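Protein chains: 2
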Amino acid sequence: MMPKKFASLLLSGAFKAVSRTHVYPQCVAKELSNYHPSAPCFSRFFSSGKGEGKKVLGVFYKAHEYADNPEFLGCAENALGIREWLESQGHTYVVTSDKEGPDSELDRELPDTNILITTPFHPAYITKERLAKGKNLELLVTAGIGSDHIDLRAAAEKGLTVAEVTGSNTSSVAEDEVLRILVLVRNFLPGWRQTWEGKWNVAAIAYKAHDLSDKVVGTVGAGRIGQLLMQRLKGFDLKQMLYYDRNSIGEEREKELGATRETDLDTMLAKCDVVVVNTPLTDQTRGLFNKERISKMKKGAYIVNNARGAIADVDAVKEAVESGQLGGYGGDVWNEQPAPKDHPWRYMPSQAMTPHISGTTLDAQARYAAGTKDILDKWFKHEPLPKSYYIVREGQLASQYL
Amino acid sequence: MMPKKFASLLLSGAFKAVSRTHVYPQCVAKELSNYHPSAPCFSRFFSSGKGEGKKVLGVFYKAHEYADNPEFLGCAENALGIREWLESQGHTYVVTSDKEGPDSELDRELPDTNILITTPFHPAYITKERLAKGKNLELLVTAGIGSDHIDLRAAAEKGLTVAEVTGSNTSSVAEDEVLRILVLVRNFLPGWRQTWEGKWNVAAIAYKAHDLSDKVVGTVGAGRIGQLLMQRLKGFDLKQMLYYDRNSIGEEREKELGATRETDLDTMLAKCDVVVVNTPLTDQTRGLFNKERISKMKKGAYIVNNARGAIADVDAVKEAVESGQLGGYGGDVWNEQPAPKDHPWRYMPSQAMTPHISGTTLDAQARYAAGTKDILDKWFKHEPLPKSYYIVREGQLASQYL
Chain S
1 MMPKKFASLL LSGAFKAVSR THVYPQCVAK ELSNYHPSAP CFSRFFSSGK GEGKKVLGVF
61 YKAHEYADNP EFLGCAENAL GIREWLESQG HTYVVTSDKE GPDSELDREL PDTNILITTP
121 FHPAYITKER LAKGKNLELL VTAGIGSDHI DLRAAAEKGL TVAEVTGSNT SSVAEDEVLR
181 ILVLVRNFLP GWRQTWEGKW NVAAIAYKAH DLSDKVVGTV GAGRIGQLLM QRLKGFDLKQ
241 MLYYDRNSIG EEREKELGAT RETDLDTMLA KCDVVVVNTP LTDQTRGLFN KERISKMKKG
301 AYIVNNARGA IADVDAVKEA VESGQLGGYG GDVWNEQPAP KDHPWRYMPS QAMTPHISGT
361 TLDAQARYAA GTKDILDKWF KHEPLPKSYY IVREGQLASQ YL
Chain B
1 MMPKKFASLL LSGAFKAVSR THVYPQCVAK ELSNYHPSAP CFSRFFSSGK GEGKKVLGVF
61 YKAHEYADNP EFLGCAENAL GIREWLESQG HTYVVTSDKE GPDSELDREL PDTNILITTP
121 FHPAYITKER LAKGKNLELL VTAGIGSDHI DLRAAAEKGL TVAEVTGSNT SSVAEDEVLR
181 ILVLVRNFLP GWRQTWEGKW NVAAIAYKAH DLSDKVVGTV GAGRIGQLLM QRLKGFDLKQ
241 MLYYDRNSIG EEREKELGAT RETDLDTMLA KCDVVVVNTP LTDQTRGLFN KERISKMKKG
301 AYIVNNARGA IADVDAVKEA VESGQLGGYG GDVWNEQPAP KDHPWRYMPS QAMTPHISGT
361 TLDAQARYAA GTKDILDKWF KHEPLPKSYY IVREGQLASQ YL
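Taken in order, these protein sequences are the chains called S and B.
The opening position of the first sequence corresponds to residue 1 in the numbering used here, with each subsequent residue numbered one higher.
The opening position of the second sequence corresponds to residue 1 in the numbering used here, with each subsequent residue numbered one higher.
Hints should not be assumed to be uniformly reliable.
[As the list claims (entries may be wrong)] Examples of chain B residues toward chain S, derived with CB under 7 Å:
| id | residue |
| --- | --- |
| 1 | Asn69 |
| 2 | Glu256 |
| 3 | Lys291 |
| 4 | Glu292 |
| 5 | Arg293 |
| 6 | Val314 |
| 7 | Thr360 |
[Stated by the list, open to error] Quick list of in silico lysine-lysine cross-link-like pairs, DSS-like style, CA-CA up to 27 Å:
| id | chain 1 | residue 1 | chain 2 | residue 2 |
| --- | --- | --- | --- | --- |
| 8 | B | Lys255 | S | Lys239 |
| 9 | B | Lys62 | S | Lys62 |
| 10 | B | Lys62 | S | Lys234 |
| 11 | B | Lys255 | S | Lys199 |
| 12 | B | Lys99 | S | Lys199 |
| 13 | B | Lys199 | S | Lys99 |
| 14 | S | Lys199 | B | Lys62 |
These are computed hints drawn from the structure, not numbers from a lab.
Note that the structure is predicted; figures quoted are calculated from it, not measured.
Think of the CB as a built atom: it goes at the ideal place given N, C-alpha and C, for glycine as much as any other residue.
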């Protein structure tokens with residue numbers, strides 16, 4: 001079960017030694033075909049106070065007794081496995097998991113940091129205030145997907161670049177969505193709990209257990225993860241696979257995935273036995289699943305949301321699950337992370353919630369660690385990143401956040 | 001989420017009124033093309049002590065407070081929804097969930113019972129002794145799939161017919177297998193438990209969470225359920241989908257499912273990250289996954305067994321999960337059901353166990369209730385059953401049990 005391919009890529013020194021001299025990047029980049037012609041130039045590239053070496057700051061969750069596994073790259077102890085490589089290039093690498101409050105290690109290290117690496121799994125909320133504190137910041141890398149823990153508009157105003165490892169954990173998240181759909185629809189979890197509680201009550205599970213086959217599933221958003229979800233559900237003999245997205249995925253792809261597009265969200269929701277959320281958190285999607293919208297859904301339908309917790313309204317979800325308007329709600333994302341001990345989603349009935357884990361399997365860690373290294377390598381060499389990695393490109397916000 | 005199609009079929013009176021006069025069935029049946037020519041004749045057909053009406057005895061799990069849902073057909077209270085129909089035909093329908101020990105209601109009702117309906121979910125163990133007690137028995141129907149709770153050889157010796165509703169819950173079980181694979185491979189359950197225990201520890205989950213994509217899955221058995229599993233896994237970008245079966249599923253079907261046949265079980269097991277058991281429990285498969293066989297598997301691989309608990313050795317599985325030879329074990333079947341409170345599989349690490357539920361979703365209940373009604377209807381009319389329903393056909397054991 002070892003994601004050896006990526007681990008070995010990471011450790012093999014496959015990335016060549018890079019120039020440590022920084023030149024005005026646009027001058028280099030203008031030569032490169034996929035460079036955005038309107039990206040502004042910023043004088044910060046001349047003003048790094050660290051000479052040739054950069055200070056890279058990484059914020060990851062602590063693994064403590066679990067850090068022994070050398071493939072566990074995503075934790076603070078193993079820190080993406082890039083320390084040796086970074087230091088051999090003359091850079092400094094500071095790693096912490098302490099990110100709460102103005103006296104956190106994150107805040108103390110920020111002022112002279114050039115490159116900040118954060119993850120959605122242990123989100124360091126990079127507010128306007130923190131961006132102001134980080135006056136030497138150039139690049140913010142999200143090891144994973146989803147950079148909404150960063151104030152992207154403020155980062156854009158400062159002319160910074162925010163990049164994420166697009167695609168690194170899309171299949172991990174899509175798999176996990178199938179898991180949560182099945183867990184909810186089949187009423188699996190109360191059955192599991194019975195076993196280690198010494199119980200045996202088939203009826204208490206079966207009375208509201210359903211098959212997924214012959215049901216209608218809809219995804220809100222049909223980007224990378226949405227499409228991988230539809231691909232995975234194709235074999236399940238669904239009655240219908242629907243998607244709502246501002247863009248069509250094209251007739252050919254629809255046929256391939258057995259999917260049908262709906263152009264009105266509420267029309268789609270009313271048809272679905274299961275709704276899966278696959279959109280980024282933006283001003284448009286914040287609070288999308290509020291009381292009113294949930295009331296338009298089929299009674300007893302399920303929501304799976306591995307996208308971002310704040311896309312759903314906390315109380316509306318809790319009340320709908322309690323009343324039976326929702327058959328259940330599952331996801332690994334919360335409006336606040338870590339979720340406070342008294343978060344209502346922890347204790348509502350028919351929940352398939354976990355801490356934020358779906359995109360941080362060992363396989364995904366290997367991919368986003370390799371992707372982060374690639375981003376840093378290109379940054380040091382003043383090479384452009386793969387286009388899809390940019391969330392903010394030297395002050396220019398990606399289209400989905402506009 | 002309502003399996004309306006089947007529920008309405010069941011309630012619609014779609015099955016015509018039937019003759020209540022019993023004639024020697026072979027005389028009728030010989031006229032019918034799909035009758036097995038070597039099936040013996042038995043005089044019990046002349047000796048029903050009940051005149052025209054039959055006594056039908058059903059053994060189901062009690063639902064208590066969960067019985068309110070009229071679609072919950074599989075419980076003792078709703079008893080497959082066939083009471084009105086049976087009684088309108090002049091038959092008697094006795095239903096119980098009391099099946100343990102020689103003084104159980106089952107044992108008290110057996111002597112004059114003609115037709116016995118049992119299920120794998122609340123198995124009434126029909127031993128040689130009980131078959132002797134049921135001297136008026138003609139037909140034993142399994143509402144579901146898997147009749148190993150019946151002493152099939154003894155039933156055959158008595159010239160009885162044992163029938164099950166083949167196909168009624170194959171897709172339910174296959175779906176549930178995908179669920180258990182994902183739950184184990186992705187280390188989901190400790191994460192769920194954290195939420196309602198007020199915890200937040202991503203590392204404690206992620207350190208041994210994997211993706212299913214790019215892994216090797218093998219099914220032992222490629223009958224109906226095995227093939228439905230492979231169909232469902234096709235979209236998951238596996239490295240390889242393998243199957244071991246005495247019969248090839250054919251080149252075309254292999255291509256359709258993206259599956260490759262292995263002709264040696266141990267050779268296949270050594271390649272698999274996940275092994276799924278999809279064989280009936282027979283003399284050949286009892287204890288198949290013993291210590292020696294598990295030791296031939298890849299270290300850290302997972303077993304999912306929704307087939308029958310006794311196909312795996314209880315202690316061998318427990319020790320392998322504890323030592324890490326197995327990454328985890330999941331299934332809804334136990335060597336003894338209900339599983340005793342101290343069953344070691346309840347408390348071993350990395351288990352995805354539940355009571356026997358995978359084949360008794362509301363959708364599956366609708367299908368096996370309709371199928372049981374169909375079996376009874378045909379039996380009363382002396383019509384042959386669909387060939388695949390026969391486990392013992394008037395003394396003749398189905399080939400997989402020979």
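Comparing the hints with the structure gives:
1. Asn69: Asn69 of chain B check passes; min Cβ-Cβ to chain S is 5 Å, inside 7 Å.
2. Glu256: 11 Å, violated
3. Lys291: 22 Å, violated
4. Glu292: Given a least distance of 22 Å, the restraint on Glu292 of chain B is violated.
5. Arg293: Since chain S brings no Cβ nearer than about 19 Å to Arg293 of chain B, farther than 7 Å, the hint is violated.
6. Val314: 14 Å, violated
7. Thr360: 5 Å, holds
8. B:Lys255 x S:Lys239: Satisfied, since the Cα-Cα distance of roughly 24 Å is no more than 27 Å.
9. B:Lys62 x S:Lys62: Violated. Lys62 of chain B to Lys62 of chain S sits at ~47 Å, over the 27 Å cutoff.
10. B:Lys62 x S:Lys234: Cα-Cα ~36 Å, so violated.
11. B:Lys255 x S:Lys199: 43 Å, violated
12. B:Lys99 x S:Lys199: Distance ~18 Å between Lys99 of chain B and Lys199 of chain S Cα, so the pair holds.
13. B:Lys199 x S:Lys99: At roughly 18 Å apart (the allowed maximum being 27 Å), Lys99 of chain S and Lys199 of chain B satisfy the hint.
14. S:Lys199 x B:Lys62: 14 Å, holds
Figure legend: structure checked against the earlier numbered hints; hints not met, in rising order: 2, 3, 4, 5, 6, 9, 10 and 11.
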